[in-house]
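Enquirer: If you want the building blocks of each chain, they are given just below.
2 protein chains.
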Amino acid sequence: MNIRFYNAKIVQQKEDHTFALTEGELWVKGDTICYIGDGTDVSGVCSENEPIIWNREIDVAGNVLMPGFKDAHTHTAMTFLRSYADDLPLQEWLNEQVFPKEAQLTAEDVYDLSVLGIMEYLTSGITSNFDMYNFPRSVAKASADCGFRTVFTSGLNDFVSSVEEMEEDYHVINELSPLTSFVPGIHAEYTTSKERMEGVAKLASRLKAPVWLHNSETKREVLECKERYGMTPTQITESLGMYAYGGGGYHCVWFEDADYEIFRKHHMTAVTNPASNLKLASGICPVKRFLEEGINLAIGTDGPASNNCLDMFREMFLTTALAKVREHDASCISADEVLYMATAGGARAMQLSSCDRLAVGKKADLIMIDLKQPNMQPENNFIKNIVYSGSKQNVKLTMVAGKILYEDGKFEIGFDPEEIYEKANRIIRRMK
Amino acid sequence: MNIRFYNAKIVQQKEDHTFALTEGELWVKGDTICYIGDGTDVSGVCSENEPIIWNREIDVAGNVLMPGFKDAHTHTAMTFLRSYADDLPLQEWLNEQVFPKEAQLTAEDVYDLSVLGIMEYLTSGITSNFDMYNFPRSVAKASADCGFRTVFTSGLNDFVSSVEEMEEDYHVINELSPLTSFVPGIHAEYTTSKERMEGVAKLASRLKAPVWLHNSETKREVLECKERYGMTPTQITESLGMYAYGGGGYHCVWFEDADYEIFRKHHMTAVTNPASNLKLASGICPVKRFLEEGINLAIGTDGPASNNCLDMFREMFLTTALAKVREHDASCISADEVLYMATAGGARAMQLSSCDRLAVGKKADLIMIDLKQPNMQPENNFIKNIVYSGSKQNVKLTMVAGKILYEDGKFEIGFDPEEIYEKANRIIRRMK
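In order, the protein sequence lines correspond to chains G and B. With full-length UniProt numbering, letter number 359 in the first sequence gets 359, and the count goes up by one each step, no holes. With full-length UniProt numbering, letter number 177 in the second sequence gets 177, and the count goes up by one each step, no holes.
Hints are computed from structural coordinates only; laboratory data are not their basis. Among the hints, erroneous ones may be present.
To be verified - Computed list of lysine to aspartate or glutamate pairs in EDC-like fashion (alpha-carbon distance at most 16 Å, straight line):
| id | chain 1 | residue 1 | chain 2 | residue 2 |
| --- | --- | --- | --- | --- |
| 1 | G | Lys423 | B | Glu379 |
| 2 | B | Lys423 | G | Glu379 |
| 3 | G | Lys202 | G | Glu164 |
| 4 | G | Lys288 | G | Glu327 |
| 5 | B | Lys432 | B | Glu102 |
| 6 | G | Lys9 | G | Glu25 |
| 7 | B | Lys410 | G | Asp370 |
| 8 | G | Lys219 | B | Glu327 |
| 9 | G | Lys288 | G | Asp336 |
| 10 | G | Lys265 | G | Glu292 |
| 11 | G | Lys372 | B | Asp416 |
| 12 | G | Lys372 | B | Asp408 |
| 13 | B | Lys372 | G | Asp408 |
| 14 | G | Lys403 | G | Glu57 |
| 15 | B | Lys288 | B | Glu256 |
| 16 | G | Lys219 | B | Asp329 |
| 17 | B | Lys219 | G | Glu327 |
As the list claims (entries may be wrong) - Residues on chain B that point at chain G, a partial pick, calculated with CB under 10 Å:
| id | residue |
| --- | --- |
| 18 | Ser83 |
| 19 | Leu113 |
| 20 | Leu116 |
| 21 | Ala275 |
| 22 | Gly283 |
| 23 | Ile284 |
| 24 | Asp311 |
| 25 | Phe317 |
| 26 | Ala321 |
| 27 | Arg326 |
| 28 | Leu371 |
| 29 | Phe382 |
| 30 | Tyr388 |
| 31 | Ile420 |
| 32 | Tyr421 |
No residue lacks a Cβ here, since even glycine has one placed at the ideal position from N, Cα and C.
Bound conformation, chain G alone:
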C-alpha cells in the first residue's frame, strides 16, 4: 500500500529532543516513510518515468501527523481484570486477586484479551508496546495477526517459565514477524530466586541482549531486597551480571544514589508508570533526577488491572504533573521532554530505532491528531495542547508499519470488536 498524506502539520524531532512542526506532505511506501516535504522537490522519491501509484491520498486538513506512542511497560492481556479488584495495596492485590485469577487463563484467553488491549492502544495512538505476560507466544501472535508492533519481555519468576523456555520464546518470537521481538526479562527480584536470576544473566550475555524487570516499584520491595541481599534490586541484579548489554527497569520509584549510577553506566532506561504508581499507592517516580542524570526515560501504562486504562495521554500529563508536585517546581519537565519520552525514549528502550520518529526511511508508525476539537483550541502551542490537553477523542487515525489499523473510530485489524468484547466477557463469567 502506498499512502499520501497532504495538508499536514508534521511533528518532527530535533537534535535537542524538542519538536517542531512543518507543514506539508508525508508519503508512505509499503511500511516505510519515503518522503516528508512540501510536495515539490520529490527527486529521488519518484520520477516521471516511475510515479508512485497511490492506494489512498488522505487530506489531513491541517491536522497533526506525529510519531505513534510507545507504551514502554504493560501487561496487555490483563484487560480481563480491569475494574475487578481495585483499591488494594500492591502485594495483597497481586497475591490474593491477580495470581489466583491468572492461574485460570488459557493460551487462547490470552490471545483474545491481548486483541482487546491492542484495540485500546490504537484508540490512544499507541503503535507499539513493551509487553510482559504469561503465554508469550499467544501475546506475540495476537500482535502479529492484528498488525500491531510488540516487544515482548519475559515475566519469568519462581513459578512461571524457565530459562530454557525463555530462550525458546526468544527465538520463536523474534522470528515470528517483523512486528514482534523478544528481550530477556524477569518479573522482579522479589519473585525470582538468585539462581534463576543468574541463569537469566548468563542467557542474556550469551544472546548479547538487554534484561528488563519490575524494579523498585514499592518501598517494601526495596527494603525486603536489602534484608535478603544487603543490596537494592538494581544493585543485586547488576552484581549478577544482568546488564552487560543494558536493559532497564519498570516503575523505578524508590531509587538510591548508587542505583542511578548503575543505570547510567549501563545505558539503561527507567520506564515510569505514573497512573499505576498512584493507584496502587506505590509512590511518585523521581523523573527529574533521572533526567538530570542523563538516563533515558520512557512511559508505560502498566496493565489495565492496575491503571485501569491504556491511555498515553493520561500518562503523559501525569509524568509532567507529578514531577512538578513532587519537586515543588511547576517549571520542571516540559511538554517536549514528555513527548520525547512517550515516543523516542520508549523506542530507545524497546530497541525500535526504526520507528522512533517521523523521518524518511523510518517505519510508518504514526498517528493523526484531530485539532478541530475544543480541547485543542486555540492554537497557542500544538505540542503543549497534545501533552497537557490531548485525549483519545483526538486520535483520528493510527498506522503501524504503513497499515491503517484505526480510523475515525473504526478498527481494521481483522476482528469484529463486538466479538472480542463478548469473548472477554465470557472469560470473566467463566471465572466467577
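For chain G, the structure is supplied; the task is to place chain B on it using the hints.
Expert: For chain B alone, kept in the frame of chain G given last:
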C-alpha cells in the same frame, strides 16, 4: 421536546451515596425526567387518553445513562490561555502571564471564549459548571444562549468588580435564565482587602447567600495570610461573617485542624482541583480527611490555563489516585465516592438539587456513556470502568435541561464550531 430513552443501563444514586444500575427506560418531558422504569407501569405518567407524543425515541443499545458531571470550579473563558504560559509557579504565572493578558479581554471575547469552553464541557459529559471570571454577564449569556447550565460566583478582588457591581450581577444573572444563577464570592483572601471582604460578608448575609473563594491553594498563600491576620484564609473569612449561609472553598489543599471545623460547622463544601494543583505544584488536597470529617466534596477542573483541559474523567481518576498515594493507602476513596463528588457533591455545592441525580421530577441533565469501546470492556464493574478508565471518547450524548447539546461528536448549541475556533485564534493573535 419529549424524548424516550430505551434499552438503557440507568445509573441511580442510592441513599448511602453509592450507585446502582437499573436496566430500562428513561423518559424526558420538556426539561424534566418524568419516568424511569421498565416501560410497563407508566400510570401517572401517561394514560391512553393522554399519550406522550415523542419527538425522539433513542435506542441506548445497552449503554449507560448517568447524571451529567458538575464541574464545581473553573474559569471557562481562560480557554484563550490554554498552552500559553505553562510550567510556571502560581504567583509568577498569575502576575506575569495571566493578569496582563486578561487586562486585554473585552466582554465579547469572554462570550466567545466561554462558548469554546462550553463545547469542551459537553465533550466530557459536563452539564453544568461553577464559573468565576471577569465580565460575569458575558459568561452567563454564553451559557444561556448555548443551553448550558452555569452557576456563577464573583471573582471580586481589589482590582476587579465591587460589592455594588456584585449585587447587580446577582440580580441580573439569577433572573437571566432558568439555566443561570449567581452566588457571592471573592477571588481570594490574598487579592482582597479586609474592607472589601467585610462588604461581601454583609451583602451575602443580606441576600441569605453562600460565599465562595479560592482558599488555601498554596502553602505560601496560607503563610502570608497568617502573617497578615494571624489566621488562615478559612479563619479570617469566617471571622468576618462570610459563611452565615454556607459556601465553600476552591482547592483547599493546605488546611489546618480548625479549618475543617469551620467547614463542618457551616455545612460548607471543599472543591478539589487535582490536575491544576499538580500542574502548578501547589500540592495534593487532603480529600480523605474531608470525607472523614463529613464535609461535602466536589470536583472541579479549574480553568484551561492551569489544567489545561476541561475533562472530568481525568479529574475523577486523579481525585482517587492522588488520595491513594498521599495517604499511602491504595484502598482509600472508592469509585462510588468519586462519582458522588463529581455529580451530587458538585450539585450540592452549586445549589443544584434540581439536577443532582437521575430521578423522576429532576431536571434532565444527563449523559450517555458508550460501553462499546475497548476501555469499557469487559464489564466487571461499570462504575469503576467509568471512574478509572473513562474518557471523552466514551461520551455519546450530553443533555442539559432536556435538550441534547452534543451527540456523536456534533454540537447542537447554535454555533458553528469552526467559527468559534477561529474567533479564539483571532483573540490570541490580537494579543501577540
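Enquirer: All the hints need checking, so say for each whether the structure fits it.
Expert: Evaluation of the provided hints:
no.	hint	in the structure
1	G:Lys423 to B:Glu379	holds (11 Å)
2	B:Lys423 to G:Glu379	holds (11 Å)
3	G:Lys202 to G:Glu164	holds (12 Å)
4	G:Lys288 to G:Glu327	holds (8 Å)
5	B:Lys432 to B:Glu102	holds (13 Å)
6	G:Lys9 to G:Glu25	holds (8 Å)
7	B:Lys410 to G:Asp370	holds (14 Å)
8	G:Lys219 to B:Glu327	holds (14 Å)
9	G:Lys288 to G:Asp336	holds (14 Å)
10	G:Lys265 to G:Glu292	holds (14 Å)
11	G:Lys372 to B:Asp416	holds (12 Å)
12	G:Lys372 to B:Asp408	holds (15 Å)
13	B:Lys372 to G:Asp408	holds (15 Å)
14	G:Lys403 to G:Glu57	holds (14 Å)
15	B:Lys288 to B:Glu256	holds (14 Å)
16	G:Lys219 to B:Asp329	holds (13 Å)
17	B:Lys219 to G:Glu327	holds (14 Å)
18	Ser83	holds (4 Å)
19	Leu113	holds (9 Å)
20	Leu116	holds (6 Å)
21	Ala275	holds (7 Å)
22	Gly283	holds (7 Å)
23	Ile284	holds (7 Å)
24	Asp311	holds (6 Å)
25	Phe317	holds (7 Å)
26	Ala321	holds (4 Å)
27	Arg326	holds (9 Å)
28	Leu371	holds (9 Å)
29	Phe382	holds (8 Å)
30	Tyr388	holds (4 Å)
31	Ile420	holds (8 Å)
32	Tyr421	holds (5 Å)
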